[in-house]
Amino acid sequence: MAKKIGKKQRKAKRIPEPASYFIGSEGTKTEVLYFKWIADKLEKQYSGFQGRIEVPSFHIKGIGSSNLRLLDDIEEYLKNDPMLYENVWAVFDKDDVPLAYFDNAISVAANKGWHTAWSNDSFELWYLLHFEFLQSGITREQYKQKLTAHCQKIGIAKYEKNDPQLIEAFYPLSSIAIKNAYRLEKNYDDWTPSSQRLPCTTVHHLVQELIDLETNVEQLKQQNN
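According to my numbering, the sequence shown is numbered sequentially starting from 34.
If you are wondering where the hints come from, they were derived from the structure by calculation, not from laboratory data. Note that the structure is predicted; figures quoted are calculated from it, not measured. Some clues are possibly wrong.
Calculated cross-link-like contacts (lysine to aspartate or glutamate; reagent style DMTMM-like; alpha-carbon spacing at most 20 Å) [as the list claims (entries may be wrong)]:
no.: 1; residue 1: 219; residue 2: 201
no.: 2; residue 1: 94; residue 2: 223
no.: 3; residue 1: 69; residue 2: 218
no.: 4; residue 1: 177; residue 2: 193
no.: 5; residue 1: 94; residue 2: 50
no.: 6; residue 1: 191; residue 2: 201
no.: 7; residue 1: 62; residue 2: 165
no.: 8; residue 1: 212; residue 2: 193
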């Protein structure tokens, strides 16, 4: 029997969901808790505004791997996700990996069209910038000591990184953290490898985007009052 001649039907091109965010983090607790708290806050603020403004959606996943392995795992995860995300962010720390691994991960993510919210040395740097400007590297234990001292000033007995009340207390100070993070970023020349920028973080770029989403819906609410 002769084969039917004709063009093969092309698969429909997948289009990214507008204002959709996939945030894949190295950590499975601290970063997930932080970004889910913000995402939940945004979801409540946008409730009832469907059809009147572009409503963001979020998928936040603690992957549990770091640097290049994290990117591979995110890519594999996204292959099985029915949604095509407009914004993909990888959140990870420098930790103890070789310098080249860290720099390469940032470069590979950029080549994929993804964004990176990295911290050198740890995510605690982002938390600390809510209270003070830091321009010298310190140990993880020193981060905890400094954060505990700041927590006690705002009525929290001790810094426990997976304590939800921390985020509620820290979030109103986000503008301070963003300002300090930008200032810290400017301390380094553009050609300085990210692995050698200690301390430094780019978490503020993601947080600023999320705050901008909050601003957009709040402006719409004011227009309707």
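Verification of the supplied hints:
no., hint, result
1, 219 to 201, "violated, 28 Å"
2, 94 to 223, "violated, 30 Å"
3, 69 to 218, "violated, 26 Å"
4, 177 to 193, "holds, 8 Å"
5, 94 to 50, "holds, 18 Å"
6, 191 to 201, "holds, 15 Å"
7, 62 to 165, "violated, 24 Å"
8, 212 to 193, "violated, 24 Å"
Hints 1, 2, 3, 7, 8 from the list above are not met by this structure, while the remaining hints are.
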